[in-house]
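Enquirer: Single-letter residue listing:
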Amino acid sequence: MTATPVLSVRNLVVEIPTRHGVLRPVDAVSYDIHAGEILGVVGESGAGKSMTGNAVIGLLDPPARIVSGQILLSGQPVHTLRGDALRRLRGKRMGMIFQDPLTSLNPLLTVGDQLTETILEHLDVSPSEARKRAIAALEEVGIPAARDRIDSYPHEFSGGMRQRVVIALALCAEPDLVIADEPTTALDVSVQAQIIALLKRLCRDRGVAVMLVTHDMGVIAEAADRVAVMYAGRLAELGPVREVLTDAHHPYTAGLMASTPLASQGHRRLRQIPGAMPRLGNLPPGCAFSPRCDHVQDRCRHDPSPTLDTCDGRAACWFPLRSQKDNTPEHDQEAEA
Amino acid sequence: MADTSSDIRPTRLRRAWNSDIAWSFRHAPVAMVSTLVVVVLILGAVLAPLVAPHDPFNPATLNLMNGFTPPGVANQFTGDFFVLGTDDQGRDVFSTILYGMRISLFVGFSAVLLAMVLGVTLGLLAGYAGGWTETIIMRIADVQLTFPAILVAMLIFGIAKGITPPEYRDQMAIWVLILAIGLSDWVQFARVVRGATLVEKNKEYVQAARLIGRTPFAIMLRHILPNVLNPVLVIATISLALAIIAEATLSFLGVGAPPTKPSLGTLIRIGQEFMFSGEWWILFFPAATLLALALSINLLGDWLRDALNPRLR
Amino acid sequence: MSAIIRIEHLTRIFDVSKPWLNRLIERAPRALLTAVSDVSFEIEENSVYALVGESGSGKSTIGKIIVGLVPPSQGSVLIEGVDLATESDAAKIDAVRADIQMIFQDPYASLNPRWRVRDIIAEPVAARGGATTGLAEKLLEQVGLSAADAGKYPHEFSGGQRQRICIARALASGPKIIVCDEPTSALDVSVQSQVLNLMSDLREELGLTYLFISHDLTVVHHMADRIGVLYLGRLVEEAPRDTLFADPKHPYTQMLFDAAPRMDAFGREVDPPKGEIPDAINPPSGCAFHPRCPLAIDRCSRERPEMRRLGDTRVACHLAE
Chain G
1 MTATPVLSVR NLVVEIPTRH GVLRPVDAVS YDIHAGEILG VVGESGAGKS MTGNAVIGLL
61 DPPARIVSGQ ILLSGQPVHT LRGDALRRLR GKRMGMIFQD PLTSLNPLLT VGDQLTETIL
121 EHLDVSPSEA RKRAIAALEE VGIPAARDRI DSYPHEFSGG MRQRVVIALA LCAEPDLVIA
181 DEPTTALDVS VQAQIIALLK RLCRDRGVAV MLVTHDMGVI AEAADRVAVM YAGRLAELGP
241 VREVLTDAHH PYTAGLMAST PLASQGHRRL RQIPGAMPRL GNLPPGCAFS PRCDHVQDRC
301 RHDPSPTLDT CDGRAACWFP LRSQKDNTPE HDQEAEA
Chain Y
1 MADTSSDIRP TRLRRAWNSD IAWSFRHAPV AMVSTLVVVV LILGAVLAPL VAPHDPFNPA
61 TLNLMNGFTP PGVANQFTGD FFVLGTDDQG RDVFSTILYG MRISLFVGFS AVLLAMVLGV
121 TLGLLAGYAG GWTETIIMRI ADVQLTFPAI LVAMLIFGIA KGITPPEYRD QMAIWVLILA
181 IGLSDWVQFA RVVRGATLVE KNKEYVQAAR LIGRTPFAIM LRHILPNVLN PVLVIATISL
241 ALAIIAEATL SFLGVGAPPT KPSLGTLIRI GQEFMFSGEW WILFFPAATL LALALSINLL
301 GDWLRDALNP RLR
Chain W
1 MSAIIRIEHL TRIFDVSKPW LNRLIERAPR ALLTAVSDVS FEIEENSVYA LVGESGSGKS
61 TIGKIIVGLV PPSQGSVLIE GVDLATESDA AKIDAVRADI QMIFQDPYAS LNPRWRVRDI
121 IAEPVAARGG ATTGLAEKLL EQVGLSAADA GKYPHEFSGG QRQRICIARA LASGPKIIVC
181 DEPTSALDVS VQSQVLNLMS DLREELGLTY LFISHDLTVV HHMADRIGVL YLGRLVEEAP
241 RDTLFADPKH PYTQMLFDAA PRMDAFGREV DPPKGEIPDA INPPSGCAFH PRCPLAIDRC
301 SRERPEMRRL GDTRVACHLA E
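Residue numbers (the UniProt record's numbering), protein chains in the order written: chain G, 1 to 337; chain Y, 1 to 313; chain W, 1 to 321.
Just chain G, same shape as in the assembly:
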């Protein structure tokens, strides 16, 4: 792809100074998202996936801060922006969808007020035009009878409808990039399917770049075009979703896939990764995954894992798993062992 990516993150490092030392929840992370593409960011809790999204949109909670690296929005650096400039950019060119639709809407304002306010803030239109656009936005996200419901308050909507309103709100100023942080985690399976389908449709129709942060591999498989797997603040693997999920190069991704109970496996014992992800304040020397990795070699215990730029571009691993022709992840594992 030669076009300038909508979002380009280069060697991003986020640090949190604490009394126990400096933590690095995001460590040398680089990736691009192009127009009309959904990048899934997946990882376990504490892997740094939400922190990456917050850093991009400029919502890091102090004392967390970006210490190095670049965030480029259509080629323009945004990590240097502060205050008003950042705020304008955040609504206009980047939208955010949070996990909990109830707390991301103001309970005291009607959804119409919140939508028109956002539109007037970022687009040069008249108030009546803004209201028209707000209704159109609600219709687009599939809210029935949008014209009647625009003056309702958030609590008058159900959970799924509320998340649709949040999506309308994130998209109404026509941003280039949307960051969706666990947008379906609080929702039921049937509603989750609706929201995922909606996100995919909007992304495709409008050519919006989407960063979809989730812990759910199933959601990633269905929605994302490419996937970034994070572990202990670093990118473990980055690539097209089908290749990464069926033919993992990083032992962590492979282990993660094998430990997910697949419907086809039945009563077999699950493969398990021993131990748990280390706390950020207590990372092992060398590769952070080395104590849990069954392919670990001496070098992994001493040298920090390579970044994606310095190795084959798929897996940040000194000894990436070789490609297998067979497509089932558990087979891949056994063949490798």
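Hint data in this document are derived by calculation from the structure and do not stem from the laboratory.
Built from N, CA and C at the ideal position, the CB exists for glycine as well.
Watch out, some of these pointers could steer you wrong.
Computed beta-carbon distance windows for the label pairs [stated by the list, open to error]:
| id | chain 1 | residue 1 | chain 2 | residue 2 | range |
| --- | --- | --- | --- | --- | --- |
| 1 | W | Ser185 | G | Gly36 | 28 to 36 Å |
| 2 | W | Asp83 | Y | Thr164 | 56 to 64 Å |
| 3 | W | Gly267 | G | Glu174 | 18 to 26 Å |
Knowing the structure of chain G, use the given hints to seat chains Y and W on it.
Expert: Frame of chain G; chains Y and W shown alone:
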């Protein structure tokens, strides 16, 4: 987030020093200064018989000629010297303050203890039992909140005074004060504990205890109580300051500690009679001590609240 | 094999009305939420029975009724032939209480933060006055932790380790049945597999029976022998695992299976299910699923379908065949 993954188990003292609360304390100058002030004042009060230069309540050692000696100046008749001056009867103000603080602190601590025991018990009961128990306890609390605490205290004080024989009144005064302040102060303990209990009782560890077959009493005492004590500690600290002030107010109004056993409030009442005749120190030093004591305890309470609040960490 | 738990016509109604003063002033009627409505099923000894459903399906309420945390409004729960709600013999109640334990969803809330792990694990035995020496240490090793962990506090453990401690506590009284309420949904995938494997191993070693409550179809498929599907407090379908996944009879089960994200469905374009779960205070008439059902006919909105037996499957649908 304490680092607990290391295998070396540090000593108890070491752990306490490294704990979050100790760390927060070492990084809060206000808390450290407040603690210093409180500790010095409490030590002064407790050790009053040892540190006070005079015994202000022993008539044998009093010399009326020493009356109205200004602070830091030798008395013009006797040549005696008093750091903070003397009052109309020649009592050393510094010593009366030390002895007065004993009364103030004793009343404050006892009243808070009473309010705490009462409030925590009723709050736990209301929160855990729910239903009518809760309604009755909390409505009583609501009604009591509609009266100013000092009014409630005065009411209790008045009733107690009516039913005690006059010869015991001075002896009883302190205990009546404790009762009055304690009873007017339990509501906030009850409210906070009830709120915290409502949160805790729906947590799964309480359900686990219920399904084991633990009695409600055991669950309240052993499971819920230890987990609602943090806010109680904060309120107790701030209540202590309020109780000391309430005691001073009651004594100032003349319904508190008797002049034979003056508390800081009684001293202030005595002092204010001389304020406009130029003997400012008789009022000023007891008042300043009360201010320093109450302010330090309050600041300590504020710090404790922040330090114990996981969301502010 | 015989049924160790028999649930008959179980109904639970919660009063979610506002306080009476508010009702009086606002003239609002009493609001009754039917969390569980006429549910009957049996759990065989030494099997894993799973209840699946979305929020408001009543699956957690059924679990709480079975262990005795919530009393039923109607119907009965027989555990080894004893009904906890009506039994008067204290010795029998105590015996059943020791035989049934529960593992909760949130490993952070289910351990008292002020207690040492040793006391937490031994509590079910200590509460009955039993001997607890060495018990916690033995159980900790059984669930894959070390005996030295007994002296620590819960905050010193990760989520997965805490869930192991919860399992150890559930095992302390030597139970036959464990009700697992979403035991792994708060855990990360790699830790979830450890806990699921541990639970499978313990079941084989100790001959346990599990009631496994979950919303996650992949986990249920991995663990269960028999599965009951709940919708709005009603059991809509029940079948052995393989039968259910191969041939779901109820339109809701079919919808649920279609909607669940699949790891091997790259870029799948699903036609997402229509509508949302209705309000349990005012459920739809007849079959609760009829407003969302693609097959619904007139009869569905009038008449609540009875449970019917179709081969190995029991299904509550007028049209299923």
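Enquirer: All hints, please: hold or fail.
Expert: For each hint, the structure was consulted:
no.	hint	in the structure
1	W:Ser185 x G:Gly36: 28 to 36 Å	33 Å, holds
2	W:Asp83 x Y:Thr164: 56 to 64 Å	60 Å, holds
3	W:Gly267 x G:Glu174: 18 to 26 Å	25 Å, holds
Consistency with the previously given hints is maintained throughout, with no hint failing.
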